[in-house]
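Undergrad: Protein chains in written order, with my numbering: chain S, 1 to 707; chain Z, 1 to 402.
Don't read these hints as lab results, they were simulated from the structure. It is possible that part of the hints are untrue.
Said to hold, decoys possible - 35 Å max Cα-Cα, derived DSBU-like pairs, lysine-lysine:
| hint | chain 1 | residue 1 | chain 2 | residue 2 |
| --- | --- | --- | --- | --- |
| 1 | S | K586 | Z | K311 |
| 2 | S | K611 | Z | K346 |
| 3 | S | K455 | S | K548 |
| 4 | S | K548 | S | K167 |
| 5 | S | K484 | S | K72 |
| 6 | Z | K311 | S | K611 |
| 7 | Z | K40 | Z | K178 |
| 8 | S | K586 | S | K356 |
| 9 | S | K167 | S | K127 |
| 10 | S | K214 | Z | K230 |
| 11 | S | K310 | S | K214 |
| 12 | Z | K40 | S | K611 |
| 13 | Z | K346 | S | K597 |
| 14 | Z | K40 | Z | K280 |
| 15 | S | K364 | Z | K230 |
| 16 | S | K275 | Z | K230 |
| 17 | Z | K230 | S | K513 |
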Amino acid sequence: MIDYRLDDDGIATLSWNVADRPMNVMNETSVAAFAAAVEKAIADDAVKGVIVTSSRPEFVVGADLDLVRTVKTAEEAMAMTAPISRLLRKVETCGKPFVAAINGTALGGGYEVALACHRRIAADNPKTQIGLPEVTLGLLPAAGGTQRLPRMIGIKNALPYLLEGRKATVAQALDAGLIDEVVPADQLLARARQWLLSDGPSQVTKPWDAKGFKFPGGSPQAPGPTMIFFGITAGILNKTQGLYPAPEAILACIYDGCQIDIDNGLMIEQRQFAKLAISPATQNMIRTLFYAMGDANRLTDRPKGVAPLKLQKVGVLGAGMMGAGIAHVSAQAGLQVALIDVDQAAAEKGKGYSAKLLDGLVAKGRMAAEARDQTLALIQPTTDFAALADCDLVVEAVFENRAVKADVTRRAEAVMKPDAVFASNTSTLPITGLAEVSARQNRFVGLHFFSPVEKMPLVEVIRGEKTSDETIAHAMDYVKRIRKTPIVVNDCPAFYANRAFGMFPFEAMIMLKEGVNPNLIENAGKMAGMPMPPLALVDEFSVELLYKAMQQNKADLGSAYHERPQDAVLIDMVEKFGRPGRRAGKGFYDYPADGKKTIWAGFTEHYPLAKEQPDVEEVRKRLMYSQSVEAARCIAEGIVSVRDADVGSLLGWGYPPAFGGVIGYIDTVGASAFVAECDRMANAYGPRFAVPDALRAMAAQGRRYHA
Amino acid sequence: MTEAYIYDAVRTPRGKGRASGRLHEVAPVRLAAGLLKELKSRHSLDTSKINDVILGCVEPVHEQAADIGKAAVFAAGYDDAVPGVQLNRFCGSGLEACNFAAALVKSGQADFTIGGGVESMSRVPMFSSGGPWITDPQMTIPNRFVPQGISADLIATRYGFSREDVDSYAVESQRRAKHAWDNGHFKKSVVPVRDINDIVVLDQDEHMRPDTTMQSLGQLEPSFAVQGEKHGFDGVALMRYPELATIDHVHHAGNSSGIVDGASAVLIGTAEAGKAHGMKPRARVVSFGTIGSEPTIMLTGPAPAAEMALKRAGMTAADVDLFECNEAFAAVVLRFMQALNIPHDKVNVNGGAIAMGHPLGATGGMLLGTVIDELERRDQTVGLVTLCVGGGMGSVMVVERV
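Using the sequences plus the hints, can you model the full thing?
TA: Right under this line is the structure:
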């Protein structure tokens, strides 16, 4: 756990080596071992100074989240943080010099160990990341990070690291004062030893433990920090909408703790941590952002016993925006790509999309010119289907038209290897139907990418009626290869993500038509934590697109089509008002060339404002409950798993992590309260709020989706 | 219950609240002491009969700290028997001091009291004392705190006052203030500030810009657009008022209260105490009080405060002859008039803080003097003074000439 070595100079080296984990993490065992080593070094008179370092490539990457996941009460949380907090305080005040020899990445608790030492020397390692990213998982640094960093570099300078979880390279860390010194990697331990022997003995008292400590930049009541605290909350509230308690708790630690002595400050930090650790938002974030997403990325749901797909070359049919994006991310993952379109110019244009994106990376210094050229060389734009002959997987991304899709499917399969996977990137057409033209329906699968492909991390892997387990596994392999997250979804109209997410803008349109003040709708959407207000969002991806999808759906289903309450708004918008969306400069908003967008004033004429306006809370509920109840229906119908439903909502449509996802929302509200509200809303607004029987039973039995 | 009467109300002229202002050289304790001395000499007061001196002060730190009420008592050379106290109800402090002073008298616990306030904004700037409700994240975040300028712009947006509305209000305030000064309407109350040799330092309000026009105001940039849009306070305001699309930033230095130095003092007492000193009461304190209101919009307190005090007195707004509603921002007064349905010709008839300035802790006492002077000049009866107060409060007093 901790390698302990004492040399002739009286320098003890405590080296982290948590061999039973993939990386050095702080858990119960490793912290206990570290504590024992620290106590031993302090007690041993032969020890003059201590180097804390690591025997592995990284220094220490933080605390094991399993610790937090199991905490149920504030007392338990404090019992968890107190030992390490006290130990590090002992390191700081024991009278022997400690130096952190930061050989590699030091994050979270790892960096807090370094903060407690009397000096931080880092190896000049380009892979090293230094920082306190706890906030990104709804936590705060509870081993002194909120107290030591501001006392060391000032409140203003510490804020981005604490509030945003900013990570620094070694050079940035030196510049910001996070570390004191950088040396070549092979001299790290020698320099640490030298410092302990020469400067160490005179540096064993931290500035904040010395008389007359002057807080760098001033303590919270000094004029500078006062103005920071005066102004900073607006920025935080705009970002969090008050749904994320971690930034608030971190600020509270700094404000309260930095006005007094550090020992009391550390207590305040632990109390704030305890409150966070047991908060629903933090538990939700850890569950979904860390565990569920990690599992999805590790393909834990991949069908068992299927040999991995050996991928060298993929084919992409259609070089429009989606196809070009798919070709781009594939090439970036080192795959050869045959990018096929009807004429050569269109295919070349698709490759040009990649060239433009890569040029951007080169211009920003994030990619070398040679790497760009190598990546681009992987994409072969052509009109010749013969280029698919050696592809391991082909994705079609042609128009959402059955005949066109059927045609390319046949032509592709005519040349493809018999065991190659054929994937359709459709967002609207059920896979089982598309697969009917295929000669090998077991190798036919849906891969639903989101736009823009290079930015959106989610891919829905759609299982058609005859799609084999092997094909699902291989499709997941491909998604992983292009560094995206797959969720497995059973075939149904709109699949999962668009089906559940769609309720958000649809409910907004329904309310608009009812005469709800559009500002109230938009602000409620924002306050719910959604990344964009619903009507503004529809404008961005186009009102017309939804209109066309609805018309397609109508045409497909014929007399079986059930009109939905938002249809009338879509028809009005496109046919009557001539407002197809942002690109036309006219959607739910007006987009003046010289100013800010404003809600179209014409709505007051067509959808007059209701005299009685609902409370913003009711509007928010309608926007959020409608999504969750649709997702619950998807679960009940066996379309998607609970885990994937949550992961998909975060990655697919930016659902707020504070709730853990669209299904986590139901757990957060509580199933029985959720069902009662849905019953009320189904009665008031329509059957779209009716809950599936499985959810009603769950509520009755007091069960949750997540254990 | 004992009645409380106002025997006199005095104020300093208001100096520009910066280094170039004429009162910048005068320490706040001496601004207040000058008025206490004036009351003593005007009425040949036996100061040992004064049971308390209550001064409002919003930034009670540094030279306004450590109970400037008692410090002013010392500096004025009042009898050792006179205690002093400082209170802080933000912008309502000066009136609140008079409310408390009146309450002591009405409850039979004092014969004579002095209320008022002092603020040298040039020497102890705004926000000097900090405080949790504006800086402690555990308060500001759940409370949806926004700075007052944002609140003022929020009032304008919510209640439909355009830039033109607030600017015309400001032009009128300047016109009225100039007219009042030109015609000596303030002469009973304004006591020149004198130096140690009795030489006059300032005898006129210094902040006024009587040449203000719609055109000149039109050139001013909104003061709170950056705070609102760039720092995100508009977003915070919308969390409380989600029915709005944006905040319309209409306020600027020309239609907001001026930053000035000044003090006020109001002598309050029982009928018997006045009679014993041979003084004639100028007005009776009818009712008073303070209310709390929604803190993000913050500055809408005057209307509900006025309604509360009028109800307590068994009156309605129609019974009031003259109103003084502090011109913290133009929209505050416009909203006050709108909410109570009061014509502009009954409100702030001699101008207000937009023209003459708002020395935070002192203003309430100044407005009390202004309204009583004007009631006497017009031979009218009932006056109401109200101020919007930080944190979402409103202070009020209703007086009646006797």
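Undergrad: Would you mind marking each hint as holding or not holding in the structure?
TA: Status of the hints after comparison with the structure:
no.	hint	result
1	K586(S) - K311(Z)	violated (52 Å)
2	K611(S) - K346(Z)	holds (34 Å)
3	K455(S) - K548(S)	holds (25 Å)
4	K548(S) - K167(S)	violated (44 Å)
5	K484(S) - K72(S)	holds (33 Å)
6	K311(Z) - K611(S)	holds (30 Å)
7	K40(Z) - K178(Z)	holds (30 Å)
8	K586(S) - K356(S)	holds (29 Å)
9	K167(S) - K127(S)	holds (12 Å)
10	K214(S) - K230(Z)	holds (32 Å)
11	K310(S) - K214(S)	violated (62 Å)
12	K40(Z) - K611(S)	violated (60 Å)
13	K346(Z) - K597(S)	violated (41 Å)
14	K40(Z) - K280(Z)	holds (15 Å)
15	K364(S) - K230(Z)	holds (26 Å)
16	K275(S) - K230(Z)	holds (31 Å)
17	K230(Z) - K513(S)	holds (33 Å)
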